[in-house]
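Enquirer: Now for the letters of each chain:
2 protein chains.
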Amino acid sequence: MNRSFKFHVEARDSGSLARAGLLTTAHGLIPTPVFMPVGTRGTVKAVAPDDLERLGARIILGNTYHLMLRPGADLVARLGGLHKFMAWPGPILTDSGGYQVFSLSKLRKMNEEGVDFRSSYDGLKVFLSPERSIEIQSALGVDIMMCLDECTGYPASRAEAEKSMELTHRWARRCRESWRAGEGDRVLFGISQGGFYPDLRKRSAEAIAELDFPGQAVGGLALGEPMEERLSALEAAREAIDPEKPMYLMGLGFPEDIIEGLRRGADMFDCVIPTRNGRNGQFFTRRGRLAIRNARYREDPRPVDGECGCYTCRSFSRAYLRHLFQNGEPLAMRLASLHNLRYYLDLLGGAREALLKGTFSGYYTEFYENLRRGREEGRDQGTLNRRRVT
Amino acid sequence: MNRSFKFHVEARDSGSLARAGLLTTAHGLIPTPVFMPVGTRGTVKAVAPDDLERLGARIILGNTYHLMLRPGADLVARLGGLHKFMAWPGPILTDSGGYQVFSLSKLRKMNEEGVDFRSSYDGLKVFLSPERSIEIQSALGVDIMMCLDECTGYPASRAEAEKSMELTHRWARRCRESWRAGEGDRVLFGISQGGFYPDLRKRSAEAIAELDFPGQAVGGLALGEPMEERLSALEAAREAIDPEKPMYLMGLGFPEDIIEGLRRGADMFDCVIPTRNGRNGQFFTRRGRLAIRNARYREDPRPVDGECGCYTCRSFSRAYLRHLFQNGEPLAMRLASLHNLRYYLDLLGGAREALLKGTFSGYYTEFYENLRRGREEGRDQGTLNRRRVT
Chain A
1 MNRSFKFHVE ARDSGSLARA GLLTTAHGLI PTPVFMPVGT RGTVKAVAPD
51 DLERLGARII LGNTYHLMLR PGADLVARLG GLHKFMAWPG PILTDSGGYQ
101 VFSLSKLRKM NEEGVDFRSS YDGLKVFLSP ERSIEIQSAL GVDIMMCLDE
151 CTGYPASRAE AEKSMELTHR WARRCRESWR AGEGDRVLFG ISQGGFYPDL
201 RKRSAEAIAE LDFPGQAVGG LALGEPMEER LSALEAAREA IDPEKPMYLM
251 GLGFPEDIIE GLRRGADMFD CVIPTRNGRN GQFFTRRGRL AIRNARYRED
301 PRPVDGECGC YTCRSFSRAY LRHLFQNGEP LAMRLASLHN LRYYLDLLGG
351 AREALLKGTF SGYYTEFYEN LRRGREEGRD QGTLNRRRVT
Chain B
391 MNRSFKFHVE ARDSGSLARA GLLTTAHGLI PTPVFMPVGT RGTVKAVAPD
441 DLERLGARII LGNTYHLMLR PGADLVARLG GLHKFMAWPG PILTDSGGYQ
491 VFSLSKLRKM NEEGVDFRSS YDGLKVFLSP ERSIEIQSAL GVDIMMCLDE
541 CTGYPASRAE AEKSMELTHR WARRCRESWR AGEGDRVLFG ISQGGFYPDL
591 RKRSAEAIAE LDFPGQAVGG LALGEPMEER LSALEAAREA IDPEKPMYLM
641 GLGFPEDIIE GLRRGADMFD CVIPTRNGRN GQFFTRRGRL AIRNARYRED
691 PRPVDGECGC YTCRSFSRAY LRHLFQNGEP LAMRLASLHN LRYYLDLLGG
741 AREALLKGTF SGYYTEFYEN LRRGREEGRD QGTLNRRRVT
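Chains as they are written, first to last, in this note's numbering: chain A, 1 to 390; chain B, 391 to 780.
No lab work stands behind these hints, which were simulated from the structure alone. Honestly, I wouldn't trust all of these hints.
As the list claims (entries may be wrong) - According to the in silico footprint, chain B covers these stretches of chain A (three or more CB under 8 Å from chain B): (1) 128 to 137; (2) 328 to 340; (3) 358 to 367.
To be verified - A partial selection of chain A residues facing chain B, derived with a Cβ cut-off under 7 Å: (4) Ser4; (5) Phe5; (6) Phe7; (7) His8; (8) Ala11; (9) Ser14; (10) Lys45; (11) Ala46; (12) Arg70; (13) Pro301; (14) Arg302; (15) Pro303.
Backbone N, C-alpha and C fix where the C-beta goes; we use that ideal spot for every residue, glycine too.
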């Protein structure tokens, strides 16, 4: 266990499992709950590290799958590691690569040893195993590494989910062994799976908890399942996770997912939604979502969100932002990403503040009350047209 | 003549026509010589107004052609004018729309009254005349407007160049009449033409000078002609332009064009090259250009230009920038634009400083000396692959 890594719970909500805490890593302190902007290939898309610092981001996420293929972990290592390569001085967490292997690489062959797949960049064969994933994440030099897991889809049969879960447990042990052999300032988090079967979710969280990682994640959610199934799975997992350790809810989600995750004890969140949906012209606000390409904003002189303090809202009208999106101006992507990241960071920053003040239940109620008001006011709720932006 | 507009020459080079001056406009002071980043459709592509302020840009250019079509001058006016619309607090100059009508709209019909053309956005018929151009630029609310001119191509026969020049003169008178009827804080600059016939260039500059605009531009250069023809045309025009007024050399160019324009008395410059070529991966440095996609930069840990103080050079390696370009990351466009704009702004800022200190001839010599050294060192000189970025 790394000496520079610590987690300390500062305050707990009386009506839920939500809590505020402080994570200490080699690259800095992280007040929790925390949202981690996703820096896929060594860049949070359309946003620079100085933007992230101005936004108050405290930790970002990198994707092992993308980085191992482009530009390659060895190259990043030779250039001084991911922090230096991308000029981000704060903490970095990398996923294990597993999720993207399952979501992006169609031709894959799983076996006990690992997974063979074809790169989504050039079709070349690549092999990923628990040991290889740890090796890559170590080469990247990040603060928090994740175990390689297998993620079953939704729906999946109980047998499938169980088989996949067992493999994930064996891989977690191998990741742990492999990491033990390593050194440096990194820590390794475990990931539990279990599909949408609460008893499997609990068993998986127990099995991973036994390996005594310094932090534990819940993976394999937000695959298209209804909210209730998602929350049942999360609650079952939470029961078996050490409440003194940070809990990371992987890949979720919309603001509603995050606020519900908070209530169920999650401390760390990441998702591409604020940046990806932003690049498609969807803006998040306290009153709901707003699809800026909508003709109703053609001459709208108001900011996207009058209560938001981000550069975009302080400077530009909806009409201007719509103009940028309608004409494919590159600035559009940045301004939307800045706003949406600020929204997500504020959502969690506000929750933290409320937790420290003991007013989280009011914060939670107000969150839904604001959304309800937005619907009453006829906010468009940001239905995206499906023009895909990568 | 607008009362808030002034121009004052502060220093002159003893060996050339280069000079340093100060322009006063309603939206602020502009130390000259000055480079104006091009904000085509109400945005300098991939760069935000706060970036421009950090870079030290003092005035930007907007394109009347694009703005009249997208989002429309009336809409910009209803939203408070171009400064407010794009959140740029400093001075703005707009061109007249003429150049883009000639370069972008293939189906056009010229007559004495004006030009009918089809919008390059949607093919709809549009009419532009001297009066209409002034009306649009007035609606945009900019600080410096330009007369509508006709730009002949290269090569063009003497007869063509002369006919087009005469039309430009008649249009300049109409623009002036139209502008006189207007009001506000705007000024109108004249533009001389004359193709690549020095005697026509001189006649045109004289004809425009007679109309006594507060500033005078030389248009119709950088159309593919050799450097010598360009400079002869410029020198001929300069002879007839009032040396107490600011001279604007339109649409030029590469750093060599700018330094030669400086020596021939130009005070104001604009060009899309730093931003457009930046978006294609071409970086400008004191030692010449650098095409960042080149495989030689794959593991190059050095900044693009070790002498440059821009955010890009202070933060990122060539290897990282190449990675961004190779993978189509949107951040690439911004980082390259920031660097190249800084290069152009520094080129002119350095020239101004040298002029004030009386050391411009040394500055000029060093400029070429640095380029020569770059070639000796095997700098790639940034040959662009022709993958077009808009």
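Enquirer: Does each hint fit the structure? Answer for all of them.
Expert: Status of the hints after comparison with the structure:
With a threshold of 8 Å between beta carbons, the proposed coverage of the stretch 128 to 137 of chain A by chain B is violated, since 0 of its residues qualify and at least three are required. As drawn, the stretch 328 to 340 of chain A meets chain B at 7 residues by the rule of a beta-carbon pair under 8 Å; at three or more, the given contact holds. A count of 0 residues in the stretch 358 to 367 of chain A with a Cβ less than 8 Å from any Cβ of chain B is obtained; the coverage claim is therefore unmet, three being the minimum. Against a cut-off of 7 Å between C-beta atoms, the interface hint on A:Ser4 is violated, since the closest Cβ of chain B lies about 25 Å away.
Look at A:Phe5: its Cβ only gets to about 27 Å from chain B, farther than 7 Å, so that hint breaks. Given the 7 Å rule on beta carbons, the hint for A:Phe7 is violated: about 30 Å separates it from the nearest Cβ of chain B. With its C-beta approaching chain B no nearer than about 32 Å, A:His8 sits outside the 7 Å limit, and its interface hint is violated. About 36 Å separates the beta-carbon of A:Ala11 from the nearest beta-carbon of chain B, more than 7 Å, and the hint is not met.
Given the 7 Å rule on beta carbons, the hint for A:Ser14 is violated: about 43 Å separates it from the nearest Cβ of chain B. At its closest, the beta carbon of A:Lys45 sits 6 Å from a beta carbon of chain B; the interface hint therefore holds under the 7 Å criterion. With a least beta-carbon distance of about 4 Å to chain B, the hint placing A:Ala46 at the interface is held under the 7 Å criterion. Annotation: A:Arg70 was flagged as interfacial toward chain B, and the flag holds, the nearest CB pair being 5 Å apart, inside 7 Å.
Checking A:Pro301 against chain B by beta carbon gives a least distance of about 6 Å; that is within 7 Å, so the hint holds. At its closest, the beta carbon of A:Arg302 sits 11 Å from a beta carbon of chain B; the interface hint therefore is violated under the 7 Å criterion. Taking 7 Å as the C-beta cut-off, the interface hint given for A:Pro303 is violated, the closest approach to chain B being about 11 Å.
Hints 1, 3, 4, 5, 6, 7, 8, 9, 14, 15 from the earlier list are contradicted by this structure; the remaining hints agree with it.
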